[in-house]
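Student: Sequence:
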Amino acid sequence: MFTINGTDGAARRGSFITPHGVIETPVFMNVATQAAIKGGVSALDLLDIHCQTALCNTYHLHLRPGEDVVAELGGLHGFMRYPGPILTDSGGFQVFSLSGLRKISEEGVLFASHLDGRRILMTPESSMMIQGKLGSDIAMAFDECFENPATHDYAAASIERTTRWLTRCRDAWLLGRDGSTNPGQVLFGINQGGVYNDLRARHMTAIAALDLPGYAIGGLAVGESAQQREDVLRHLLPLMPIDKPRYLMGVGKPGDILLAIALGVDFFDCVLPARNARHGHVYTRQGCLNLKNEKHKQSELPIDTECHCPTCTHFSRAYLRHLLAAGEVLALRLCVLHNLYFYNTMMEQVRQAIEEKRLMTYFWENAERFDRRI
RNA sequence: GGGGGAGUUCCCGAGUGGCCAAAGGGGGCAGACUGUAAAUCUGUUGUCUACGACUUCGAUGGUUCGAAUCCGUCCUCCCCCA
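Numbers given in my numbering equal positions in the first sequence, counted from 1, plus 162.
In case anyone wonders, no lab produced these hints; they're calculated from the structure.
Do not take every clue at face value.
[Stated by the list, open to error] In silico DSSO-like cross-links for lysine-lysine, where the CA-CA straight-line distance does not exceed 30 Å:
hint, residue 1, residue 2
1, Lys459, Lys415
2, Lys415, Lys454
3, Lys519, Lys415
4, Lys200, Lys265
5, Lys200, Lys457
6, Lys457, Lys415
[As the list claims (entries may be wrong)] Ranges of calculated distance between the beta carbons of each label pair, as one might list FRET restraints:
hint, residue 1, residue 2, range
7, Val231, Pro400, 37 to 45 Å
8, Ser461, Asp333, 56 to 64 Å
9, Ser204, His484, 20 to 28 Å
10, His470, Glu518, 15 to 23 Å
11, His441, Gly385, 16 to 24 Å
12, Arg323, Lys454, 40 to 48 Å
13, Gly385, Leu463, 52 to 60 Å
14, Gly346, Pro400, 42 to 50 Å
15, Asp373, Pro400, 13 to 21 Å
Quantities reported herein were computed from a predicted structural model and do not represent experimental measurements.
In this text, a Cβ means the ideal position worked out from N, Cα and C, and glycines have one as well.
Required output: the full structure, derived from the provided sequences and hints.
Tutor: Structure below.
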């Protein structure tokens, strides 16, 4: 249900229809790992910060409160009272982030829960089953996100296994869909291959053959250089199905996102704006700044004088700096609202720029500036 | 008046002859963070002409090759007894 309404170079302006609404692309999905955006932001705030889509996590919600609890309370939409589209990540990223707490086998990944150590066997089938019960609109395939650097041999063996896992995910998904567990849910496959373009291409060919509703690029921003990342994207994107949504997982800084959009990516998510916000690192049209710095101690300015977010329309840098220094939770909330508003409205501007065929102008005017430290 | 205890670098607080510019917290200053084990983590925090030198542990005078650490005197604070 993805339609491309316009293009500007390799960039695409699309619409992706889900049971809970249309996602206008390119889109930034707001990360709500445990069914909440960290920093005290609830579903009630999402409209204010122009959020289109939320992203929740299979591994974390399986551990707590458990997918059955969520299912009983109306799935993620009912549980967190968010009526818009929701994507669930499969747990594949935790294979990377919790690498000290898991063992990989052909069957799946045996995690030692980071909460209490209890063993959790996550398989392609269980991940899909959990995501079905969570009731997300988009489910992600269970993959292995492996670290960089990785040897070519390791990467080659890993993508073979991830391909086999994807077939199992697809089968489980079809079973759930046709069995009406979650009839409207779609499955996105995930490309891996590290920084090896030959493996990225081989894997893309293999997974594209499954003809899934969408495809993601995984395993980036896990230690490789920005140059390597760009190189992978430049080689890989032309090999991805042109009529399917393309999702660059976990990326990134504003400049990273703008570049990827120019290269043809449609979906993004990243914890950076929320995490940075919690640490006082906020974005403006002129560049990013650290609110904790002494120079803002008496500043009456809002974070960004051109910003219309709830935070900038009410509060000064000096006040926010004080809240951060004092450890007040309000600081986190206000900064997160601002940064997510910045990301979401940047995407609005990008969509408009693509429609008006001036994406490159937007890119050259802003990509470097947004990431620059001021 | 008698007895006891304490004064350490921005703060609290270790240290009771050399390994002490002085542990550890806190606070301050700065940095990192990319499908969230992150309201976390890291660095730094006496001065300088800076791989070395100088000043500092209430004040001052001693002992010693060497003192934040030992001794004398003084100042300040706390507790108990009268």
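Student: All hints, please: hold or fail.
Tutor: Going through the hints against the structure:
At roughly 26 Å between alpha-carbon atoms, Lys459 and Lys415 fall within 30 Å of each other, so this suggested pair holds. Distance hint between Lys415 and Lys454 is fulfilled; the C-alpha atoms sit about 20 Å from each other, no more than 30 Å. Our distance criterion of 30 Å between C-alpha atoms is met by Lys519 and Lys415, whose separation comes to about 23 Å. The suggested pairing of Lys200 with Lys265 holds, with an alpha-carbon distance near 28 Å, which does not exceed 30 Å.
Taken as a hint, the Lys200 and Lys457 pair is honoured in the structure, with Cα atoms around 27 Å apart against an allowance of 30 Å. Restraint check for Lys457 and Lys415: satisfied, since their Cα atoms lie roughly 24 Å apart, inside the 30 Å limit. With their beta carbons about 44 Å apart, Val231 and Pro400 fall inside the hinted range of 37 to 45 Å. Against the hinted window of 56 to 64 Å, the Cβ-Cβ separation of Ser461 and Asp333 comes to about 57 Å, which satisfies the hint.
Between Ser204 and His484 the C-beta distance comes to about 24 Å, which sits within the given range of 20 to 28 Å. Checking the proposed 15 to 23 Å range against His470 and Glu518 shows it holds: the Cβ atoms sit about 21 Å from each other. Judged by the Cβ atoms, the range 16 to 24 Å given for His441 and Gly385 holds: they are separated by roughly 21 Å. Distance hint for Arg323 and Lys454: a CB-CB separation of about 44 Å, consistent with the stated range 40 to 48 Å.
About 37 Å separates the C-beta atoms of Gly385 and Leu463, a value inconsistent with the hinted range of 52 to 60 Å. Checking the proposed 42 to 50 Å range against Gly346 and Pro400 shows it is violated: the Cβ atoms sit about 31 Å from each other. At about 18 Å, the CB distance of Asp373 to Pro400 agrees with the hint of 13 to 21 Å.
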